[in-house]
Each structure stands twice: as C-alpha cells, then as structure tokens.
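Please take these sequences and the hints and turn them into a complete structure.
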Amino acid sequence: MAAPPVEARGVVKRYGDVTAVDHVDLTVEAGDVYGYLGPNGAGKTTVLRMLLGLITPTAGEVRLFGANPLEHGAAALDGVAGFVEAPGFYPYMTGRKNLEMLAALDGGGAAARIDEALEIVELTDRQRHRVGGYSHGMRQRLGVAAALLRDPKLLVLDEPATGLDPAGMRDMRTLVARLSLAGTTVLLSSHLLAEVEELCNRVAIVRTGRVVFEGALADLKRTAGGEWRLRTTDDDRALTVLHARRGIDGVRRDPLELRFEATEEAAAELSVALVEAGLAIRALAPHAATLEDLFFRLTEGEPDTVPASATDTA
Amino acid sequence: MVALRTVYRWELRKLAAQKRTYLGLGAAIIVPIIFVVALALQSGQPEDVLFGRYVRQSGLAIPPVILIFGSYWLFPLITALVAGDIVAAEDHNGTLKTILTRSVGRGRIFAAKALAALTYAALALLAMGLTAVVGGVAKSGFHPLVTLSGTTVSGSRALLLIGASLLVYLLPLFAVASIALLLSTVTRNSAAAVVGALMVSLLLQLIVIIPGLGSLQPYLLPTQFNAWQGLLRTPADYAPILRAIWVCALYALPCLGASYLVFLRRDVAGG
Numbered sequence: 138m139a140a141p142p143v144e145a146r147g148v149v150k151r152y153g154d155v156t157a158v159d160h161v162d163l164t165v166e167a168g169d170v171y172g173y174l175g176p177n178g179a180g181k182t183t184v185l186r187m188l189l190g191l192i193t194p195t196a197g198e199v200r201l202f203g204a205n206p207l208e209h210g211a212a213a214l215d216g217v218a219g220f221v222e223a224p225g226f227y228p229y230m231t232g233r234k235n236l237e238m239l240a241a242l243d244g245g246g247a248a249a250r251i252d253e254a255l256e257i258v259e260l261t262d263r264q265r266h267r268v269g270g271y272s273h274g275m276r277q278r279l280g281v282a283a284a285l286l287r288d289p290k291l292l293v294l295d296e297p298a299t300g301l302d303p304a305g306m307r308d309m310r311t312l313v314a315r316l317s318l319a320g321t322t323v324l325l326s327s328h329l330l331a332e333v334e335e336l337c338n339r340v341a342i343v344r345t346g347r348v349v350f351e352g353a354l355a356d357l358k359r360t361a362g363g364e365w366r367l368r369t370t371d372d373d374r375a376l377t378v379l380h381a382r383r384g385i386d387g388v389r390r391d392p393l394e395l396r397f398e399a400t401e402e403a404a405a406e407l408s409v410a411l412v413e414a415g416l417a418i419r420a421l422a423p424h425a426a427t428l429e430d431l432f433f434r435l436t437e438g439e440p441d442t443v444p445a446s447a448t449d450t451a
Numbered sequence: 010m011v012a013l014r015t016v017y018r019w020e021l022r023k024l025a026a027q028k029r030t031y032l033g034l035g036a037a038i039i040v041p042i043i044f045v046v047a048l049a050l051q052s053g054q055p056e057d058v059l060f061g062r063y064v065r066q067s068g069l070a071i072p073p074v075i076l077i078f079g080s081y082w083l084f085p086l087i088t089a090l091v092a093g094d095i096v097a098a099e100d101h102n103g104t105l106k107t108i109l110t111r112s113v114g115r116g117r118i119f120a121a122k123a124l125a126a127l128t129y130a131a132l133a134l135l136a137m138g139l140t141a142v143v144g145g146v147a148k149s150g151f152h153p154l155v156t157l158s159g160t161t162v163s164g165s166r167a168l169l170l171i172g173a174s175l176l177v178y179l180l181p182l183f184a185v186a187s188i189a190l191l192l193s194t195v196t197r198n199s200a201a202a203v204v205g206a207l208m209v210s211l212l213l214q215l216i217v218i219i220p221g222l223g224s225l226q227p228y229l230l231p232t233q234f235n236a237w238q239g240l241l242r243t244p245a246d247y248a249p250i251l252r253a254i255w256v257c258a259l260y261a262l263p264c265l266g267a268s269y270l271v272f273l274r275r276d277v278a279g280g
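Protein chains in written order, with this note's numbering: chain W, 138 to 451; chain Z, 10 to 280.
Honestly, I wouldn't trust all of these hints.
Incomplete in silico selection of chain W near chain Z, CB under 8 angstroms [stated by the list, open to error]: (1) Thr193; (2) Pro228; (3) Gly244.
Where chain Z lies over chain W, by a calculated footprint (3+ residues, C-beta under 8 angstroms) [unchecked claim]: (4) 185-192; (5) 408-417; (6) 423-431.
If you are wondering where the hints come from, they were derived from the structure by calculation, not from laboratory data. Note that the coordinates shown come from a computational prediction; the quantities given were computed from them, not determined experimentally. Note that beta-carbon positions come from the ideal geometry of N, C-alpha and C, so glycine has one too.
Below you can see the structure in the form of structure tokens.
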C-alpha cells in the first residue's frame, strides 16, 4: 500500500518555553483537498514548514509519501510543491527569470513548463517585469506558477488567496479544484472558511498548537447536531412550551427568533404542541451548521467544550 | 539531483543581477584609475609605500602599490560586500524557503554560494589587477620593474609575477570571504555581516601594531596580505606564501565548516 502524501505523528515544536505546535497528528490521503484551519498564531505555518523540511520538529516525525524530509533531504520533496506564508522571489529579477532559476533547481522537465505555468496564473504579459514591481497578488500567482513547475503530486498552499482580488480568488479556487480533479493532492491552509468548505473534503482545525479536529468535513458537520430556528406569534409562551418538552435541548432566545437542538421527529411533535397551545408558527426551519460556526465553536469556546469525538477522529 | 555547477551558475547570475555586485567591482576598477589620474596630475610619487618610488619608471609598479593600499580595508570590504550578503539576502527577500523546497539539498546550495562569493572576490581582484596594469602601462610604460631585492626584472617577467601575486593575494581574501559568509549565515543580516567581517579584519590589523604582540604577527590575517611580496624578491621567498596557505586555511576552514553546519541545521522560520 502506497504511503500517504502527508503523515505527521506526534509533531511538537517548542521555542524556549513556548510550545508552538503540540503533538500534532495529520494524515492527508491521496486525492484529498485537505483544509488546515486555525486562528492566527495557532501554529499552522510552523507545521507546514516542518512538512517541507524547513523547520526541525522538537519531537515527532513528518513523512511525505513515506520519506522524512530531515532524513532524505531534497529527495523527500520529489513531487511536492507549494509555498508557506508569502512566496519569496528575487525582486531584482523578472518573474520569468525567477521561474527559470527555480526550474533549473528542479531539473527534469520543469523548464519546459514555464510558459504553461505563466499562462495558467495569467502572468504571461508581466513575465519580463521585475518581481520588485509586482503586487502582492501577482507574487501569490507567481508562487503558484513556481509550484506548478514541479508538476506536483502534493501541493502545499499557505493562504493562497491572500492579496488576491475577488476574481483572483475565484480563479485560485478553480485552479485548486482543477488540480484536484487531475489527481493532485492539495493541503490548503486558509482563513477563508467558505473557500475551504467549497474545496476541501477533509479538514484539520488547530487551536493553540493542538489539533482539535481532524477528519472528513461531513463528520465535523455531523458533530454539530441539528439546530432549529423558530418564530411564533408569541415567543414568550413558545419558550415555555420548548422548555417543557422532552427531546428539545440547547434552547436559546435571540432578538429575532428562538433556537434549539432537536431531531426532526422532536421538531415535528413540537409544532403540534405549539398549535395546541394556541400559538401560530411563523417559521420553523432546520439550520445547517456552516464550517464557520464549527470553526468558531472549536477555536473560541472553552477547551472543555470541544466535542470529545472531535480529537478522537484524529 | 541537480548538479552543483547549475546551482553555482545561478548564484553568479543572481549576483550579476544585483547593483551591490557592481558597487564592489566598480570600486576595484576605479581605485587604480584614480591612482593613475592622480599620478598624471601631480609630480610626486608615494615614497613611503613599497614600489611607490618606481611608479613613474614602470607602469608595472602600480599594481603592487594598489595591492598594498587595498589590503587595509578596500579588498576586505569588497569581498565582504558580497560574501556577507549572499546568505543573509535570502533571509531578507524570503527566498531561502523558496530555494530550499526545490530539488537541491542544503549542502549543495551552500557550496554554490560559497563558490560564488569566492569567485566574486577573485573577479574583483582580477578587475583591479587588469585596470592597474593597463592604467599603469598607459601612464608609465611597459618597462622593467625593480624588485624588493633591488634587482630588475623584465616587463614580461614582472607581468607574470604580478599575476602570481594576485593569486597569492586571493588567500587572505578567501579567509575574509569565509568570515563574512559565517556572519551572513549566523546573523541573517547583510549589514551586520558586511560590517562585522570588516571589523574583524580591522581589529586584526590593530593587533598587528600592539606592542608586545609581535610574535603573533606572522599568524594574523593582515600579515598574509603581504605574502605575495615574496614573489617580488630575488631569489623568490616562498616561505611567507607557504605560511599564508596554512594560516589562511586556519581562518577560512573553521568559518566555512561552522557556516555549513549552521546552514544545514538551521530552522527557516522567516525567510
């Protein structure tokens, strides 16, 4: 059985007394578009740097397609491309010259892919301009072009949409989706939760250096349970009915509506009870939790509110 | 795996694309020109410098004068200008992570950088030598040169000896480059590395003139900048050259080894 594109086990990184990454376990399977999420300072970029062999873990081990970058050096990065934080280029050289240099460092057929890569990221017209004059978004796109030169099986992208205008962000999403369809495994760190929700099939959510959830996006959403929203002709009386019924939990009152958690059957029985109590129902609808809801629940709540099943799936 | 020569060639191309490269090369060329122009405009000559009294008799006396003058700070500065920047600039531009995630190992990248820094020092010295010879011959003619022993060697023989002197002069320059490379790798700051390497060079020159430390003089780096003078004696004195080889190696190799290890093991958390 082939080794997974990314496997991290018990990875720790400490800087003095500060633990930036705390026993992180990750597995990115072939074909995944894997979202790596967390607030600023959660240690996302540090993990990505360790994956690419730029930083030595204090403890634990990282493997890319079964090879440890620290043991196998550049050979472990065969078929791996991407960038962490903003992609870095030589400002005094043109975009094309930067790509030519990187292609020379890649060897193989990388140089033959320069024109195609520039075309994909729509920088053909600006290829002869110095990178020092590029906008942030153009550098991001050049970073993607530099990654494409390696014809990667695994693409690691750290906040690829940063600095892009809406059209650029859309193009980036299209590109990632296209690469994924072509069989490229993608590990994507992003703050844009809608983007992750649209693109990724699996996610890891980190908080203060620790993974608080790793698994399929669908599994994460299942942990949220079913939330319902209710509006009636008399929400005060409806609240009393809600509290009196079994199978209704987490009842909350918002300025505009009532919220509670229940199964579909319990919600149906509730609607009958409300009518019997003389209340007219203006709206009763299930609310599917978004990734954003879950992200904030996992990263902003108290540590003990994190669902126990979340880390178990890691 | 990509060949070292490919990485080395790109290091040179990067140098060729940077203004700072031409600053050092320009200084190496302009100093002999200024010297020749000053000679043309004035009547005297630098009597207190070796070969200084012969600069009007033979243009071939001018390169040795420039070598002596340049050893105080000019050539250490030119050398450090690139060697001190060659790793630190990657940190500054955020490009270290870019090149370290391609198909080339860290060791090969470091070797290419070290070779490029040494190549630059050699090129700057060659540029100075060529300019000084051309300018000197244009000003004072291609005439025999009086050696440090008082004998005279033919113009063609003197030219050969100047070429050999430049090669010997490279030894301490390589040591300065190695010190600058170490500072560049450790500090990750170009200015600190360039100034630091120059400061080390100047401090060692200070030690040379401190009374009571005379016994250290043969083993200090600034002394090795004079080793080439052994070639311009009759018969040639190879002892200072042989000493320069191992003394410079004593400065250069630990610095290169340390910077190699730091480069190999360092975390690239920024650039």
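Which hints from the list above does the structure break, by number from lowest to highest? The structure breaks hints 5, 6; every other hint is satisfied.
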